[in-house]
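Top line first, the protein sequences correspond to chains A and B.
Sequential numbering from 1 applies to the first sequence in this note's numbering.
Sequential numbering from 1 applies to the second sequence in this note's numbering.
Be aware that a few hints might be false.
Lysine to aspartate or glutamate pairs mimicking EDC-like chemistry, simulated, CA-CA at most 16 angstroms apart [what the hints assert, rightly or not]: (1) K40(B) with D8(A); (2) K56(B) with D57(A); (3) K192(B) with D8(A); (4) K190(B) with D57(A); (5) K56(B) with D67(A); (6) K190(B) with D74(A).
Everything labelled a hint here was simulated from the structure, so no lab data went into it.
As the structure is a prediction and not an experimental result, all values here were calculated from the model.
The primary structure of each chain is shown beneath.
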Amino acid sequence: MNVLYHLDDATVLRYASGDLDEAFSVVVAAHLAMCDQCRRAVRTAEEIGGQLLEAEDTPELPIGDFDRLMQRLDGADGKIKAAEPSVRHAPAGNGGDVPVPLRRFVGPSLDAVSWKVIAPGVRKHAISLSSQSASSLYMLHIAAGKPLPEHGHGGVEMTLILSGAYRDELGRFSPGDIADLDEHVEHQPLVEPGEPCICVVATEAPTRFKGLFSRLLQPLVGI
Amino acid sequence: MGLALRVTQLPNDDPPERLAQMHRSLIARVAGNRDREAYKALFVHFGPRVKALMLKAGADHAQAEDLVQDVMITVWRKVELYTPERGAVSTWIYTIARNARIDRLRRNSSRAYEDLEGMDLPSDDPSGEDVAFASQRAERVGQALAELPDDQKQIIELAYVHDMPQSEIAGTLAIPLGTVKSRMRLAYGKLKVKLEEMR
Ligand SMILES: [Zn+2]
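Here chain A stands alone, though its shape is the one from the complex (with noise of 0.2 angstroms):
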């Protein structure tokens, strides 16, 4: 895969040191899967723990804690066994066209995500995440030549493309580019004619009211 538009380093050093939460850490995730040049710098950012880790001088554990441990793999047998890393991904499937990190949510295939229309040639699916995340994560599907919505919010955004193509001013951005931006970058992406545009969202959530009022409003002022 040809990616142009990579993870900001510094979002590169949250992941590897665990700060982003689940969200963004799927929308990292789904990157990674596809890109194999942030891979390899996530792994130099893990490489830091690492070293820390080694660094730290600290005095020995009671030998009671290795028993304990030996007697909870040997008590537990059958149930703590070599991982099969195979059975723990989704199947390949039909298509087989979303990154692994996000078929746990949506399944191996872009065909089979269930859509909402919340305007004109745009359509959405709301991901409800396994953690109690203060970000929200939803995937988007604009039609061709259509402008991504506005998000009305001041939050950072992280936005990963896996159909079709948006341009704006940065420039165009295709099946894994992500736009890992700061708050401040002000940007409306157009999806390229030809066909639509499908993309995962991670947005830090919004600084307005939880209440359920507002709540019911949401889905009138779109995202």
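Following the hints, put chain B with the ligand in place on chain A, whose structure we already have.
Coordinates of chain B with the ligand only, in the frame set by chain A:
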């Protein structure tokens, strides 16, 4: 039991490369034949370090000890996933500890990280060159860290060891969030330069 533990304990005054090599062979023994002596040696070396990491991340003693157990069980369970060309054993164990920290201390989810565990880079083959490169890389990263200016090193340590969110680092040091990010980028840029010198 106490004596046995001392016998298998790794000498701490080893040069880093010999230590890293020893860790790799211990892991290979656990992966190859579930060697419990090798596993114990890994526990003796990494257990206290993981505990220290968890304490600095805000866990209490009981919690930190539980996390050590969880991390070491994952080491046993996933030992086949470790390959030397991926980097140092300490790095692999760090990532397991980080994931445990995400799940247990941050009450977030590390599943996205786990989804990528089986995925290898195209150049990752078991050739000796890659292994040599990987072990050199760990050492270079260590050197680059030691050479960082204090203000950059501090931010790296707050993030990686103290598990402090980016916004909290900004608050604690009374600097803008943008400065935290730019120091992270500067520190990482230096690592990259160090690694490029190797090629
Ligand atoms: Zn990338």
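Quick rundown of the hints versus the structure:
Annotation: proposed proximity of K40(B) to D8(A) is violated, straight-line Cα distance about 40 angstroms (limit 16 angstroms). Of the pairs offered as hints, the one joining K56(B) and D57(A) holds, with about 13 angstroms between alpha carbons and a cut-off of 16 angstroms not exceeded. In summary, the hint linking K192(B) to D8(A) is supported, as the alpha carbons are separated by about 14 angstroms, within the 16 angstroms threshold. Distance check on the hinted pair: K190(B) and D57(A) sit about 25 angstroms apart at the alpha-carbon level, beyond 16 angstroms; violated.
Using a Cα cut-off of 16 angstroms, the hinted pair K56(B) and D67(A) is violated, with the two alpha carbons roughly 25 angstroms apart. Restraint check: the Cα-Cα separation between K190(B) and D74(A) comes to about 45 angstroms, which exceeds 16 angstroms; the hinted pair is violated.
In this structure, the hints that do not hold are numbers 1, 4, 5, 6, in rising order.
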